[in-house]
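Engineer: Chain by chain, the residues run as shown.
There are 4 protein chains.
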Amino acid sequence: MSTGKLNEQAKGVYIIAATPFTDEGAVDLQSVDTLTDFYLGCGVHGFTLLGMMGEAHKLTADESLSVVNRVIGRAQGRQVIVGVSHAGLENVRRLSHEAMIAGASGVMVAPAPGLKGDEGIYNYYAQVFQALGPDIPVVYQDYPQTTGVYLPVNVFERLVDDFKQLVMLKHEDAPGLAKLTKVREGEKKAGRRRVSILVGNGGLYYPQEMRRGADGAMTGFAWPEMLVQVYELFAKGKAEEAEDLFDIYLPLVRHEVQPAIGLALRKEVLFRRGAIKSPKQRAPGSSLTATDKTELDGMIARLERRLADMGRLAKAAE
Amino acid sequence: MSTGKLNEQAKGVYIIAATPFTDEGAVDLQSVDTLTDFYLGCGVHGFTLLGMMGEAHKLTADESLSVVNRVIGRAQGRQVIVGVSHAGLENVRRLSHEAMIAGASGVMVAPAPGLKGDEGIYNYYAQVFQALGPDIPVVYQDYPQTTGVYLPVNVFERLVDDFKQLVMLKHEDAPGLAKLTKVREGEKKAGRRRVSILVGNGGLYYPQEMRRGADGAMTGFAWPEMLVQVYELFAKGKAEEAEDLFDIYLPLVRHEVQPAIGLALRKEVLFRRGAIKSPKQRAPGSSLTATDKTELDGMIARLERRLADMGRLAKAAE
Amino acid sequence: MSTGKLNEQAKGVYIIAATPFTDEGAVDLQSVDTLTDFYLGCGVHGFTLLGMMGEAHKLTADESLSVVNRVIGRAQGRQVIVGVSHAGLENVRRLSHEAMIAGASGVMVAPAPGLKGDEGIYNYYAQVFQALGPDIPVVYQDYPQTTGVYLPVNVFERLVDDFKQLVMLKHEDAPGLAKLTKVREGEKKAGRRRVSILVGNGGLYYPQEMRRGADGAMTGFAWPEMLVQVYELFAKGKAEEAEDLFDIYLPLVRHEVQPAIGLALRKEVLFRRGAIKSPKQRAPGSSLTATDKTELDGMIARLERRLADMGRLAKAAE
Amino acid sequence: MSTGKLNEQAKGVYIIAATPFTDEGAVDLQSVDTLTDFYLGCGVHGFTLLGMMGEAHKLTADESLSVVNRVIGRAQGRQVIVGVSHAGLENVRRLSHEAMIAGASGVMVAPAPGLKGDEGIYNYYAQVFQALGPDIPVVYQDYPQTTGVYLPVNVFERLVDDFKQLVMLKHEDAPGLAKLTKVREGEKKAGRRRVSILVGNGGLYYPQEMRRGADGAMTGFAWPEMLVQVYELFAKGKAEEAEDLFDIYLPLVRHEVQPAIGLALRKEVLFRRGAIKSPKQRAPGSSLTATDKTELDGMIARLERRLADMGRLAKAAE
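Chains as they are written, first to last, in the numbering used here: chain A, 673 to 990; chain B, 673 to 990; chain C, 673 to 990; chain D, 673 to 990.
Next up, chain A with everything else stripped away, as it sits in the complex (with noise of 0.2 angstroms):
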């Protein structure tokens, strides 16, 4: 099935997938069935595979292949961008060519940890870029939260100008929004491209990121058609409908973007809504416990009583 490579065009909500488990700890690959169908029916325009949180670290190499065949397989022509950073080069490349193979539209690579000075980020891209050659679309993750690589916006727009094959940011800097305006500012330079940037973080800041410009977001919170539906919104101008809505489920938002516990709580709801079969997350992982399975209870109570009034007041409004 071709889906055709990703590009600088690219726009709405790539899902990062959860890697589903059983409970013996085996990946599920039933459940990477039934939740990239879930995934589908909430209307994502696409997916983002072995992200850091899809416990890509903990997979083998023939599991992460396994994986990807399989939601490329099943994701009925939605494009599939794979994560292949890796601490040897060779890996990177040899990560990517298999996805590329597989069907995938590109690939995101997040910098090597440790890198140093300016200099240090544009030679590692660069090396990057010349391992995959020209025909790999490339998304630059920037999220030195975790990678401790600080991304200025004048090193991200030489590796744009000098590597066609750089179409997206994975926009997850914080604090960011300045940066985003940045990057969207520089980009009005007479022969500078303008990327795809989708914004991660969780959402946490989604509808300031899209009024700043971004074209949709790149994160895995559990109620995967709020993200679309913002998009959406934002797709037509409604911005402040658009913010409404989330605004509803931002409380969610917070609370799933909580570090070390935010994927418990994510597997959770997605194991709650009948998207996959275990919550669990492969050892060494996170867990919850009875007090915070409780709480997640009533903020879910307080969320569907929010939209509850939502649809009452958009009925009344008719």
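If you are wondering where the hints come from, they were derived from the structure by calculation, not from laboratory data. From a predicted model like this one, the values you see are computed outputs, not experimental measurements.
Put simply, identical chains are the same to the list, so a pair is met inside one copy or across any two.
20 angstroms max Cα-Cα, derived DMTMM-like pairs, lysine to aspartate or glutamate:
hint	residue 1	residue 2
1	K788	D845
2	K788	E829
3	K965	E940
4	K860	D834
5	K952	E762
6	K854	D964
7	K965	E857
8	K910	E967
9	K851	E967
10	K860	E829
11	K987	E912
12	K851	D964
13	K860	D833
14	K910	D969
Start from chain A and add chains B, C and D according to the hints.
Structural biologist: Positioned in the frame of chain A, the structure of chains B, C and D alone reads:
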């Protein structure tokens, strides 16, 4: 003016006070007055001075003391806690005594960066408590995101058991909800004191923390009246109303918790609300772009609209 | 070839083996052979494969296993320890079993980055030991400079008391001399096992560590014969002669422990000594400038001059 | 006493002075005198006060100034550099002016932790230089191991080109040899000033650094006479003799560079040599065990034996 010493029964909102500067960067004592009055007008129950968000590290010793004296003199009997964290124990001791002589009710101490192992933390605080003596009440500031020092619950419990002057936990570990619950569960053990827990992190998880047994908040959100009202609703057993109110402010809470830029946003709001004469931070500090300010305009307009809606609904419900 | 399992009596020099690559970046198995022979010629007592300085993180799983098999097949019965640290416990388990099936004598595990508090460390290793079962001997690699996880002595002692399969400490905390002494003092307690302690950190504190009770070295200095001779002199009770010999090499020891560039220096020397066909590291790696190489020439000339002086002195003393 | 301002021609050994305390933890000004005399007796060319190893962060502002005044008053016209790094620029400015008024020849500034990107570093120093004005000579302390801020050579060059008051690099990046060479190579460009480079890191790479173009050392090794003699031998073109002498001290150099415990070792030696009345550090500090002291006895005995051997050899050669 005797306000009594801080003890385990402390509750409510101890506002993390900003430190106002003139546009030229001098400490602005007149703005200290107006800001103190502003906080009092919001109904705060106490003050915490010279915290991390108070730019304490940029003040001279003399300036610090002048701010402490000024606030205590104007605080209408509210308790004042003073941050005294310092690389040298002798400085911790000296600042603490100066603060107590000035009329403070207690001091707040964060662990020195670089402490190693459970014993390292215990021993550091044992040294601090010995240096301060039994008569100065102490708040443990648990903020590992900045200090790099993780506080295990059992270490905190040993400190509580061994040192009567430890009366409060400023809770801002992340993730921290399960930790808060664990502290409260541990206090059910016969013979252990129940200490006061006030929460930080800009209030991002305030309702969840109150439901789990927090006694209030110690943070500096630029709309302190929300912190106070939420506390009071919880005190009356109206948890759902409290959280409804909180959720209206949540978009701005999460906006203000952004690293680096957060203090610029907080001071801008305090400035717009007339509490201080300049939003200036002492160098090196962060500042807002024109886009940041326009964005803030929009977010405040949304807040006011929703507060007005809530008012109408309340009136209609009468 | 049965070499027996690693146990608490292990002593001598377990060389941290470099991984040789061709100039094109492929694993060079013929150089694995010559390097293994070189190490054997230097008199090493054992091997440690896939350590941090073995560029293990840049190998594929298949490559790792091929290196392990190649060395074990050629090691003339010397024990081989395999580094199996990995972000996922399932991978630790799998790599360990593969290594043991291939004929390894034990595995080495560093703590996962991000472990928190004494309990966090204990629980992680308890999980590891449970996953591996009682039959795989384990080395605790204590290298907080890279892992960020400080190991308190009492936590190590609890692990030794509770898990028989923990037979060795690879000691490379810094500062670490007092810690080594504390472990040895603690072992005098009735009922506690005395474990093997081999030291790392490039051997920078080797004589002091031997005097404090270390059983040898586990490091990869490019003149392994020095590590072996120092060990043997200590074994014969000739501590001063051992340290005299060590001091002759110390300028190069401290040159090779430089971060980042150290591995390039080590491989350059192994290359010059004919142990490997290329000093190449897999990308991204460090490399030497012309000045670096000239400097190394000079330092090696100084080493050889001093070794010759020592030889003359020894002859004169006969 | 006018000693002139620091400039690009500075060379020799600027000793990082320890700060002596009484056993009770008070600044011991009489020991400041004897320590200053001791350093002068060793032949140092200058002093650097209030560095990281001078426990400056544990002093009050008044204490700092009293130490500065005391040393300057007794330094027999040697230049004195004062460390003025501080979280607030206003404090950097104030401390610098106080130091210069007291008679210092220049100040040393490390980058504020958390600076991001090449521009972030440039802009920070641009702010510092503007705050200090053109008349205060500045040393850039390049110690990323502690500050976390990596200085690219091209950023340093831009600062040298743009700010005349930047006259010295305190070089202690690691690895740093190639960097030092790169700075010296860059200075061959027409129009660029050659600045003074003094090396730190406890002197661990001192001979290599001198061969690559350093002008001397700025560190606090407890046998400063070695630092001075090595400098002077290099100045006379006797590089091999210089390195021979250095190598005799190298076991103790590398012993003293141990993190955390290093300062305790340094002060113990200064105490034993009669330079200070107590080896006490201000709390929280490190201290030596009985085993540490016995070990030090042995190492010093070895040093003295080798110095005596060298003396005999020199005599025999006459």
